[in-house]
Structure formats: structure tokens, C-alpha cells
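Can you make the complete structure from the sequences, with help from the hints?
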Amino acid sequence: MTPSFHRREFLRYSAMAGFAIGGAGLITACSTSDSAGSSGGSSSDGSKFGSVAVQLSWIKNIEFAGEFFALEKGYYKEAGFGSVDLVSGGAAGTGVEAGLDTGKIWIGMSAPQLTAPAVLNGLPAKIVGATYQKNPFCIVSSAAKPINVPQDMVGRKIGVQDSNQLVFGALLDANGIDPKSITVVPAQFDPSPLANGEVDGWVSYVTNEPITLASKGFKNHAMLFADFNLPLVAESFTVKQETIDNERDKLKAFLIAEIKGWRDAIANPAESARLAAEVYGKDQHLDVAEQTQEATAQVGLVVSNDTKANGLFTMTKNLVDQNIAALKAAKLDIAAGDLFDLSIIDEIYKEHPDLKV
Amino acid sequence: MNASLRRIGRFLAPLAISMALLFALWYLFLAAFPQVGPRVGKSPTDVWSYLFSGPTSHTARANLLDNLQITLRDAAIGFVAGIGAALIVAALFVLFSTLEQTLLPIAVLLRSVPLVAMTPIIVLVFGRGLGAVAVMAGIVVFFPALVMIMAGLREAPRQAQELVEAYGGNRWTALYMVAIPSSLPSLFAAARISVPGALIGALIGEWLGSGEGLGSSLIKAIPRYQYNELWASVAIVTIVSILLYAVVGVLESLVLARFGPDAGRPS
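Here the protein sequences come in this chain order: P and E. First residue of the first sequence? That's 278 in the numbering used here, and the numbers climb one at a time after it. First residue of the second sequence? That's -4 in the numbering used here, and the numbers climb one at a time after it.
A few of these clues could be false.
To be verified - Partial pick of chain P residues on the chain E-facing surface, computed with a CB cut under 10 Å: (1) L391; (2) A395; (3) A472; (4) Q570; (5) A574.
Source of the hints: derived by calculation from the structure; they are not laboratory data. These numbers were taken from a predicted model, which means no experiment stands behind them. Ideal Cβ positions, reconstructed from N, Cα and C, are used throughout, including at glycine.
Okay, structure coming up:
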């Protein structure tokens, strides 16, 4: 294996290393934002809603194809936004909830298991829609030594990213596995430790590492969290309560642009892949063929029978209840009304029924 | 005894002031950047109540101390290994100057590779256990210590070395009887600055390598939105680092006082 470090990744590491240097180092982690002024939505650029910063949950790959389309085709501009700044994420320091709390971003792609602890700790924020209807997380393992059920992980080494510690813990809780019976190995973006046998399993999106590893000749098996008591949605739109209360029109306009972008992304996985690999995620050195496979697989997570009936990003009461139950199993006891506010997305489809797929 | 007390006082007084300044800076930082907000930015008072007077302070403290123990163990191993290796290599370099001319540039080159970039390789070679963490802490300690100890060994008074030679001693005797005692101030200075270095190395190693100790737990606190734990961890690491620095400084004062009131001070 060649442990390859992308430039972006390296910068992130350096920033975190600076963070580790004593107490004063914390300043570097918290004050790096200069977009605070732009996130409030001033319209100094002449547009109706000004510019906003959007925190992504991962590096810029096809997971954000809808956003790439919305930028490429000008859906955000059409909706009244001057510019939309997509901020890469995935490291512990780029959490959506902290970004919202500190005013660095206006909206973010998060997940219930990340938003819930923040809300429980007093952050007035809610999920207003979910891109992925199905939990995309899986444990990918070598096909020679597959992990088929959660119990297979006992006594083995699993690579878990800092930002995914929570969802992994939730999987263990939901299946009654003692966390001490598993060796958790800190992981970053590159799944080489799985390929070179250093770990037995790797937390990933089913649309991502299983496909990249297979295309590099590493036969693997993916165990979906969704199949083992964890039906959590993902890539959920999280905003502050004050956005819902005071900027409802702006939020609606943004979500409409997102719906249009994601409709295009679903219709055209190949173009999704091209936008990710050649335009917006260019510095990630993504492979178009791989990204096309991932974008195709992703459609199955974004589109369900419910979204066909109700529209993208919507969540049925049943799905909300399943999420709340799964969170409870992970010791995150939160009421549906404190975590989700789906009235905005429902209103959008009432006003624009033509937006339903 | 009086001399050593005076030395200790002269060393500790500014340290106490800087500790107080640190808390002032902490409050100032939070006041200067109000957008950080009360949930992400925790003040010393918040951390105090989290650790000592809050409803969960007992478990919080136990958890933090457990992790601190691991980090201190990792840092201690790195510290001892780094200083020990620096001492041996510095002695060899001073005794055999060709060795220094060949190897020092390579050492400096290696030093300029950021530690985080080397982590995947270190982890692959030494595993994810104590070995890799200690190696990383050791690397942080080794290079600055090497340069400082070498400078100290070189500053040995020429006349004293010539005296040893005149009485038939070889260069090992000169090193042992003259250079090492006269380099004690540099050795201690190297040890002092290596204390925070060893902790940083241990924290990075724990974060990217072993996944235990404070280096790992403080990063994991972020997605859990446990900013109290994060700030408490950072505060504890900082305070422990200052305390250890003070301990080494006091030891230094005690040892150097034996060599006269002005030993180790620029004349």
C-alpha cells in the first residue's frame, strides 16, 4: 500500500495538529471562519437572499451531486441566492452542528445521530428534510473474511472515522454488542488499512468504499446498518430554529433549488459523476467510471416508494418514528418534534406539486 | 540551600504569572469571538463546574483522568526514549565529527517532514499500540533535544579538556569528565522544552494511531457535541504540561545550584 495523503486531507491534519498544541491552539480551530458574515444572508451582491455557506458531510464526491447540479444549472441563482459556498466535511472539526452554532454556515448536510446530541445539548436546530431515505452506512470487509452480521465483528478490528464514531456506537447498541469486545481503530478517508489487512472491517457508505475498493481489485462484502436495526436517514438538511422561524421563504427557496438539483442527479448518474470528478471535486482525483457506479447506487438510497409519492427529501411519519426508535436504542432519547420539522418540505410540495418526481 | 531556593523562586514566579495569563487569555478569547457561542465555547467556569460541581462531574472526572493516565504514559515513554536517543547520538556526533557531517543533514531533512504525514508509515511499521505512539512522541522530542545537547557538549571549556588530555585521558574521558557536566544546562533546557513536545507527539499518535487516551477522546467529543469534555481535556493537558515543565525546571535548579550560583546562566 502507499499511504497517500491528499493535499486537502493534509491541510486538515495540519489544522488539527495545530489544534493539539496546547490550550491556546484551540483558537485556530474555532476562528478559521471568515464566512461568518456571509452566512447571515446579506444581499450586498444584489441577489434576493445573498450568499450562504453549506456544510457538506464528506469530501466533494457524488454524495453531493444534487448540489453540484444546482450550482451548474443555476438553480440556486434562480431561487435568489447570490452564491452558494459548498464546504467540504468529514473530519471531526467540520461538524454541521458546530458550524451552525458558531455562525460559520447557514445549512448543513448532517444526520439524525449527529443532530440529536447537539439538540439535546441545547442547540436550537432541526432537520427539515433528508436526502438519503435509507441508512447508507455499512461495514465493508474482505470477501475472504466477510462480516455478515454485527456479531461477526466481536474480537476483530474495525476502522471507524472520528465523525462516524456515533453511528458505529449506535449500531453496536442497537444489536446488543459490548463496545469493549471490538477493537476500534481510528480511520481517516483512505480505506487502505482494510485493503492491506490492518483492519477487518471499515465503516463506510455503501455507495462509496465498497465500489472504489472493488474497482481496485479488492473483493469485498458490505453489511448494511439499515438491515440491522438502524433505519436512520442521512444527508439530512439541518438548520437553526431561527432560520425556520425568520427565514422560511429563503429556506424554501433553497430546498426548491436542491430538489431541482437532485432530480437532475437522479436522472443522470453519469453527469453526476462528471461534475464530481471533473468540476467540483477535481482536487479529489476521483475516477469518473467509479463515481458513475456510485451515483447509480446512490439513486436507490435517495428514491423510495414514499419519495415517489410525496417528493424528494420528505419523510413519512413511519420513517420519523423508526428514526426516533433507532436513536433511542443508541441512548439518544429525543422527541420527534424536537428533532424534525418537516412542515417546510411538505409546504413546498403543496405549493409546487410539479416538483414531485 | 538558599541559592537553590532562590533559583527555584526565580523560575516558578514567571510560570505562575503565565498560568494566570492563560486563564485571562481564555476569557478574552471567548469575549473577542462571541460568535463561538455558549455551547461550543466553554469558559474556565464552565469547565470547573463540568469537572467539580456539576451533576455528572464524578464520571466526567474519572473518564478524563483515565484518559490522562494513558496520555501521560505515552508521553513519558516518548520523552525518555527521545531524550535518551538524543543524548547518545549527540555524544557520538561530538566525538566523531565526520559522523555528524554525514548524518546531521539527513536528520534535519527528516525533521522537516510533518509528523502527521509520517503517521501512516509509522503505524504500518510499529502497529497501532504503544510502540507507534511512543515513536511519535520520541520523534517530536529527539530533534530539538539533539541540537541543544550537541551545542552544550561543544561549549565545554577548552582548557579543561586540554587538562584531561595532558594527564593522559582520551576523548571519552574528556567527554565524561568535562563535556557532560558542562552541558547540563543545555540538557535541562532540552528536557524542559521536550515536555510539551512529548505530550503533543503522544496526542497526535493517539488521535491517528492508537485511538485511546486524551488525543483520541477529545476529538471524539466533537461529534458527540461534548464541548465541555473537549475544553476540559485541552485545559488539563495544558495545565499538566506546565506543571511537568515546572517539575523539570525545579530539578534543574536543584542540580545546577550544586555547580555554583551562576551555573547555567549567561555571565
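Comparing the hints with the structure gives:
1. L391: 6 Å, holds
2. A395: Check passed: Cβ of P/A395 comes within 4 Å of chain E, closer than 10 Å.
3. A472: Hint on P/A472: violated, closest Cβ of chain E at ~12 Å, above 10 Å.
4. Q570: Where the cut-off is 10 Å and the nearest Cβ of chain E is about 27 Å from P/Q570, the hint is violated.
5. A574: Where the cut-off is 10 Å and the nearest Cβ of chain E is about 25 Å from P/A574, the hint is violated.
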